[in-house]
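Protein chains: 2
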Amino acid sequence: MSKIESEERLVHVPLGERAYDILIGPGLIGRAGGEISTRIKCRKAAIITDDNVGAIYLDPLMDSLQTDGIEAVSLSLPPGEKTKSFDYLTKVCDVLLEARIERNDAVIALGGGVIGDLTGFAAGIVRRGVRFVQIPTSLLSQVDSSVGGKTGINTRHGKNLVGVFNQPDLVLADTDVLNTLSEREFRAGYAEVVKYGLIDKPDFFAWLERNWRDVFAGGPARIEAIATSCQAKADVVVADERENGRRALLNLGHTFGHALEAATEYDSSRLVHGEGVSIGIALAHRFSNRLNLLGVEDVARVEAHLKAVGLPTSMDEIPGELPSTEFLMEAIGQDKKVKGGKLTFILTRGIGQSFVADDVPASEVFAFLEEMRGV
Amino acid sequence: MSKIESEERLVHVPLGERAYDILIGPGLIGRAGGEISTRIKCRKAAIITDDNVGAIYLDPLMDSLQTDGIEAVSLSLPPGEKTKSFDYLTKVCDVLLEARIERNDAVIALGGGVIGDLTGFAAGIVRRGVRFVQIPTSLLSQVDSSVGGKTGINTRHGKNLVGVFNQPDLVLADTDVLNTLSEREFRAGYAEVVKYGLIDKPDFFAWLERNWRDVFAGGPARIEAIATSCQAKADVVVADERENGRRALLNLGHTFGHALEAATEYDSSRLVHGEGVSIGIALAHRFSNRLNLLGVEDVARVEAHLKAVGLPTSMDEIPGELPSTEFLMEAIGQDKKVKGGKLTFILTRGIGQSFVADDVPASEVFAFLEEMRGV
Ligand SMILES: NC(=O)c1ccc[n+]([C@@H]2O[C@H](COP(=O)([O-])OP(=O)(O)OC[C@H]3O[C@@H](n4cnc5c(N)ncnc54)[C@H](O)[C@@H]3O)[C@@H](O)[C@H]2O)c1
Ligand SMILES: NC(=O)c1ccc[n+]([C@@H]2O[C@H](COP(=O)([O-])OP(=O)(O)OC[C@H]3O[C@@H](n4cnc5c(N)ncnc54)[C@H](O)[C@@H]3O)[C@@H](O)[C@H]2O)c1
Ligand SMILES: [Zn+2]
Ligand SMILES: [Zn+2]
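Those sequence lines, one after another, are chains X and U. Be aware that the first sequence starts at 5, since it is given in the numbering used here, and climbs by one per residue. Be aware that the second sequence starts at 5, since it is given in the numbering used here, and climbs by one per residue.
No lab work stands behind these hints, which were simulated from the structure alone. Any given hint could be a false lead.
Identical copies go unnamed one by one, so any copy, or any two together, can satisfy a pair.
[To be verified] Restricting the straight-line Cα-Cα distance to at most 30 Å, the calculated cross-link-like pairs of lysine-lysine (BS3-like) are:
#1 Lys95 - Lys311
#2 Lys86 - Lys163
#3 Lys95 - Lys48
#4 Lys346 - Lys48
#5 Lys95 - Lys163
#6 Lys205 - Lys163
#7 Lys48 - Lys205
#8 Lys95 - Lys346
#9 Lys346 - Lys45
#10 Lys95 - Lys205
#11 Lys163 - Lys45
#12 Lys205 - Lys86
#13 Lys346 - Lys205
#14 Lys45 - Lys205
Given these sequences and hints, build the entire structure.
Next up, the structure:
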């Protein structure tokens, strides 16, 4: 076995008849044809990608599929969150049907979370479900969105409000492709990596504090961080596939984060998802401290690490004006259902000691947000 | 217990955590609020209907829901097959989100198969799935489409090509509402009732031969026929929820039927689904006879019954010109995958002795169709 292959990691997601493998390592796009044809045995595939990713990785992927006898068509869409829409969903379904993709053929998502969410949804509804392979190309999609089966699109009412649970049949996380991802997008994805440590893996968080430079640089530490993250997400998903309980922990930092995304109108020049999560994580720790759940040293430690890698930790780092605290509260209420003035939040009692609190008074959250904004 | 309630029948569909009940009987719309609130415990509901059905049954349904404390909104769509489209799917999802339908609220389909298929799909994808109640109002939807969980829409590539498996949480088949259904639509739905007898219930077919006039007239025989049909469909669905094997038997008469629907461009003034199925059933029996599987007396018996109720049994009863046999073969190939010149067909060895044949030579089918058309 060559050195390159020995670096490869495999995370198995044991979901019964929906079980699948996640392969993590360098050069996987070049070997995609072989991995897909031995595991899925399809003869035909359709690749959905975006223009940024397609320009670099579509040809190598097509070549690899062809070498292994898989006939493939492709569709490249504009990059960006707006592509997760009913219009593009219709378009993708049309292309899959035009290509006569059948139940045992494969639909391949080649791109970040936007392409993965949209494509996974289309693959779940065309002919009521065809085979689905994720080739996530952003750090965020490798450690988060490609694992777990949530797919969907946005509507004018909010993000991810329409979709299906559709577990992929295979995930190929090629760690080399992250070299062409922008610094900013890499950092944003890293916020989700940190999140897994803070949910329930204090040792992993400590490891990240020591090794983050190597994770950013690439090589074995990067593969290790991605594999640990995928395993963490897989464990939660297996325990609670349909998000009735424990899976909510994955929302650490996301209640505040989503509200900030709404507040910036999903304008990625101001804030991308992972940056919102980073601020949200910092706020969740501060808020837990305010509720006397967490010591101030732990808040400082979390913020220090996020800052070290260049992630934002407070609302005033977001360029431009933020709307009123009432607006943020409204956005929080939409996100997590308000029950008689009580909100559900992920709080924490220490590094890696998060828990679901479903009785947080809305008034406490309001006062906290006002204070954080220095109002 | 009043006489009316004693006529009511219940068919349970035992699908584990997706199990549900089908209630069949008179006056169910007037009792819908009670049935839904005791079984689903939702406080909010959205009713999707079409203009024909809504004009008669929306108010009584809204009243019944209100009486039992369920707050409801409604949306009425144009009747007809064209409503099963991406455009209307988008519209329905938008209305459900606007009404803030949450995971435990109910979406109610009040109408025939068109409304049921579209609404079931929307209920399966809004928030990745909310509660779903079927109130089928056509005979076809009561005996077929409301049971089994197939939902979906049409695209320019064909019928039902995009959708999800989404079992309802409850089905209320109010047999009174069939009194306002047109004779033609009632007859068309009846073709599916006959189908269950011909698949594997010879005694039921014989019962229909004797009692069809009472089924058409209403009363206990109608309830009996609908309940037997629902039970038959439920049995097949439970044995094979995702259509990998036995469920294919439900396609008896449908391979030819779908080809004829395509040939008439889904123009319901020329042919409605059940009429296509009726001709398809007759052709499937004739074709089985041609393959020396079935005696000519059985062919005659099946045709005689279909004719007695006023259903068509041959292609020349379809008004207007039919396209070429090549076109029909192409439509058949789209419908059931062609494997190396072999087609999958439901054939039969006698009344109620249908089976799946996956090795029918395309050339035999071609010759048969030419002969039937008198070419
Ligand atoms: N399904 C889930 O469980 C889940 C979880 C988290 C996030 N999400 C969703 O994921 C989306 C965000 O994903 P994302 O951060 O990957 O965004 P993205 O898909 O928009 O990708 C970010 C940007 O990086 C570019 N890019 C991606 N890979 C690249 C590469 N290797 N080289 C060069 N450029 C590359 C893209 O073209 C895009 O411009 C959101 O829509 C979010 O809702 C889903
Ligand atoms: N999901 C499944 O398993 C499944 C199975 C079979 C058929 N289908 C689908 O079902 C559809 C056909 O269903 P359909 O035959 O019910 O058609 P439909 O919904 O178009 O109804 C037929 C007509 O009858 C009217 N109508 C319905 N109930 C009425 C009532 N009580 N009084 C007066 N008018 C009434 C409707 O407005 C419509 O004009 C097709 O789209 C077909 O693909 C689905
Ligand atoms: Zn996230
Ligand atoms: Zn039918």
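Status of the hints after comparison with the structure:
For a Cα distance limit of 30 Å, the shortest separation of Lys95 from Lys311 qualifies neither inside one copy, at 41 Å, nor across copies, at 44 Å. With identical chains, the CA atoms of Lys86 and Lys163 are at most 30 Å apart both within one copy (10 Å) and between copies (29 Å). Taking the shortest Cα distances, Lys95 and Lys48 sit within 30 Å of each other inside one copy (19 Å), while across copies they are farther apart (33 Å). When the C-alpha separation of Lys346 and Lys48 is checked against a cutoff of 30 Å, the pair qualifies only between copies, where the shortest distance is 20 Å, while the shortest distance within a copy is 51 Å.
Taking the shortest Cα distances, Lys95 and Lys163 sit within 30 Å of each other both inside one copy (19 Å) and across copies (17 Å). In the homo-oligomer, the alpha carbons of Lys205 and Lys163 lie at most 30 Å apart inside one protomer (28 Å), although the nearest pairing across protomers, at 49 Å, exceeds that limit. For the identical chains of this complex, Lys48 and Lys205 are neighbours neither inside a copy (41 Å) nor across copies (40 Å), given an alpha-carbon limit of 30 Å. In this homomeric assembly, Lys95 and Lys346 never come within 30 Å of each other (Cα to Cα): the closest approach is 41 Å inside a single copy and 32 Å across copies.
In the homo-oligomer, the alpha carbons of Lys346 and Lys45 lie at most 30 Å apart only across protomers (21 Å), although the nearest pairing inside one protomer, at 50 Å, exceeds that limit. For the homomeric pair Lys95 and Lys205, neither the shortest alpha-carbon distance inside one copy (41 Å) nor that between copies (44 Å) is at most 30 Å. Proximity of Lys163 and Lys45 under a CA criterion of 30 Å is satisfied inter-copy only: 27 Å between copies versus 35 Å inside one chain copy. Taking the closest pair of Cα atoms, Lys205 and Lys86 never come within 30 Å of each other, the shortest separation being 34 Å inside a single copy and 53 Å across copies.
For the homomeric pair Lys346 and Lys205, the shortest alpha-carbon distance inside one copy (28 Å) is at most 30 Å, but the shortest distance between copies (56 Å) is not. Taking identical chains as interchangeable, the C-alpha atoms of Lys45 and Lys205 are never at most 30 Å apart, the minima being 37 Å within one chain and 39 Å between chains.
In terms of the numbered hints stated before, the structure departs from hints 1, 7, 8, 10, 12, 14, listed from lowest to highest.
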